[in-house]
Amino acid sequence: MTTASKNEQKAYQQTIKKYRPAKPMGKNMIRAFLVGGLICEIGQIVQWFFVKFAHFSIQDAGNPTVAVMIFLAACLTALGVYDKFAGWAGAGSAVPVTGFSNTMTSAAMEHRAEGWVAGVGGNMFKLAGPVIVYGVVSAFFVSLIRYLWIHLV
Amino acid sequence: MSPWIFLTAFVVGGLICVVGQLILDLTSLTPGHVMVILVIAGAVLDGFGLYDPLIKFAGAGATVPITSFGNALVHGALLEASTHGLVGIITGIFEVTSAGISAAIIFAFLAAVVAKPRG
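From first to last, the protein sequence lines stand for chains A and B.
Just so you know, numbering that gives the first Met the number 0 puts 42 at position 43 of the first sequence, and the rest follows in order with no gaps.
Just so you know, numbering that gives the first Met the number 0 puts 93 at position 94 of the second sequence, and the rest follows in order with no gaps.
Derived by calculation from the structure, the hints in this document are not laboratory data.
Beta carbons: idealized from backbone N, C-alpha and C, even for Gly.
Estimated spans, in silico, between C-beta atoms of each pair: (1) A:Ala-117 <-> B:Val-113: 18 to 28 Å; (2) A:Val-116 <-> B:Val-86: 25 to 35 Å; (3) B:His-32 <-> A:Thr-14: 24 to 34 Å; (4) B:Thr-26 <-> A:Val-132: 14 to 24 Å; (5) A:Ala-112 <-> B:Leu-85: 41 to 51 Å; (6) A:Lys-9 <-> B:Thr-82: 47 to 57 Å; (7) A:Ala-53 <-> B:Val-113: 19 to 29 Å; (8) A:Ser-56 <-> B:Thr-82: 12 to 22 Å; (9) A:Gly-120 <-> B:Trp-3: 42 to 52 Å; (10) A:Ala-10 <-> B:Val-86: 51 to 61 Å; (11) A:Ala-117 <-> B:Met-0: 42 to 52 Å; (12) B:Gly-31 <-> A:Ile-57: 28 to 38 Å; (13) A:Gln-12 <-> B:Leu-85: 46 to 56 Å.
Take the sequences, apply the hints, and build the full model.
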């Protein structure tokens, strides 16, 4: 087995670059802005409901709002709607917490045929896992530095 | 809650997604990488005390994007650390994010129970 050298790979990348369609960056950014903005707007309305009708404080309403958004995204994923418009929206549907819910729900549904433990249980965090791992690791170090800074300096 | 928050939520939330889209388009990273980068960014911003003012300004525009997950992890850790000392960073890290993670696990499981697998 022969493998292409680094230079050959580089030359190949440069050759195919000419034939690759350019990414429609402006269009992608507008779509991401509109869809992401809309999802946050729905979140804001849900939060307003919690403050207005369930008498949560604005800070306390954040958590139940996120839970509701996750519930909505799981429903839309189960109905097959979320993935359809995710392709169109790009980062607009991936970056909000609904995208996090979507990766978990679709992984759970997709691997159901492999069984409840190895399939659903084992694959649910396949895509969402890195977010939790690096979220916790970075939060640990940030908190540690902040704590030590406050208490020792 | 001022009515302006409904405007700032849309704009700030949309802009955070534009940042994610820019990373996707300008690099060859996957959406998974983008989510990881944004979570770390949220944690670091909170470390400098910059995320809370953003939440105050934009409401759900700052709490719904995944960046707020990093922010909430740091918040939980520091809250618990302020009452229980250094060990609180470990015991408190999921304190605030419990709602999000529990909800995501439960609803993902129920979706797998109810919905027929596709594809």
